[in-house]
Amino acid sequence: GIQVEQSPPDLILQEGANSTLRCNFSDSVNNLQWFHQNPWGQLINLFYIPSGTKQNGRLSATTVATERYSLLYISSSQTTDSGVYFCAVDHSGGGADGLTFGKGTHLIIQP
Amino acid sequence: EAGVAQSPRYKIIEKRQSVAFWCNPISGHATLYWYQQILGQGPKLLIQFQNNGVVDDSQLPKDRFSAERLKGVDSTLKIQPAKLEDSAVYLCASSSRQSGNIQYFGAGTRLSVL
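Chains as they are written, first to last, in the working numbering: chain A, 24 to 134; chain B, 2 to 115.
Derived by calculation from the structure, the hints in this document are not laboratory data. All values reported here derive from a predicted model rather than from experimental measurement. Keep in mind that a hint or two might mislead.
List time: in silico BS3-like cross-link candidates among lysine-lysine, alpha-carbon distance up to 25 angstroms [as the list claims (entries may be wrong)]: (1) K72/B <-> K16/B; (2) K45/B <-> K126/A; (3) K84/B <-> K63/B; (4) K12/B <-> K45/B; (5) K126/A <-> K84/B; (6) K79/B <-> K16/B.
Whole structure, please, built from the sequences with the hints as guidance.
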């Protein structure tokens, strides 16, 4: 099956700093989503981005499908950005489109 | 628009007991997924339904896990008998073609098997 690797596994930053999270995948994808899992375990959709660039406030994401990677940028970090960030992909191309998740990046923003 | 609803939020059982989780997807979403998330890992797909039919259950441990979506709306995931290694969060998600096949997740059920 498709492999999804996220880096770095852990990241500790001061409030106000910027960060870049990376997701590499081993095959072509039909769906790529970035999620933030908050301390209560809820997976919150950040971006649906199988290709191209999107921005939402302080967050933006870029997927370069031909080179099989995606980047999530967080600018001016706030303590509420803390949590685990997951990249998840689907490459089936058919009806079976369950997501394969990476192991996540654990982000801690210190005040 | 209401999100994906799951219950219960927490469940504690002893090994060899049975347990069931319930999920109600976003209204109008034909596709429903169950994922298992073990502590420290990313979620792993267990089963996918399209309406009331199974699309993919290749990673479902069928000797002890079962799932159904009889009327094509809400779904139940059952474990019988439970093992210690089944301790995890069970997440339900739903999607629709109209919403671009984006998967939306519920808050999950945290299962502890003692």
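> Is it true that the CA of K72/B sits at most 25 angstroms from the CA of K16/B?
Replying inline: violated (31 angstroms)
>> Run the distance test for K126/A versus K84/B: straight-line Cα separation, threshold 25 angstroms.
In response: holds (24 angstroms)
>> Holds or violated: K45/B and K126/A, Cα atoms, limit 25 angstroms.
In response: holds (10 angstroms)
> Given the proposed pairing of K12/B with K45/B, does the C-alpha separation stay at or below 25 angstroms?
Replying inline: OK: K12/B and K45/B at ~20 angstroms, within 25 angstroms.
>> For a C-alpha distance cap of 25 angstroms, please report whether K84/B and K63/B respect it.
In response: holds (14 angstroms)
>> Checking one constraint from the list: CA of K79/B to CA of K16/B, max 25 angstroms. Satisfied?
In response: The hint holds at about 14 angstroms.
The earlier numbered hint that this structure contradicts is number 1, and it is the only one.
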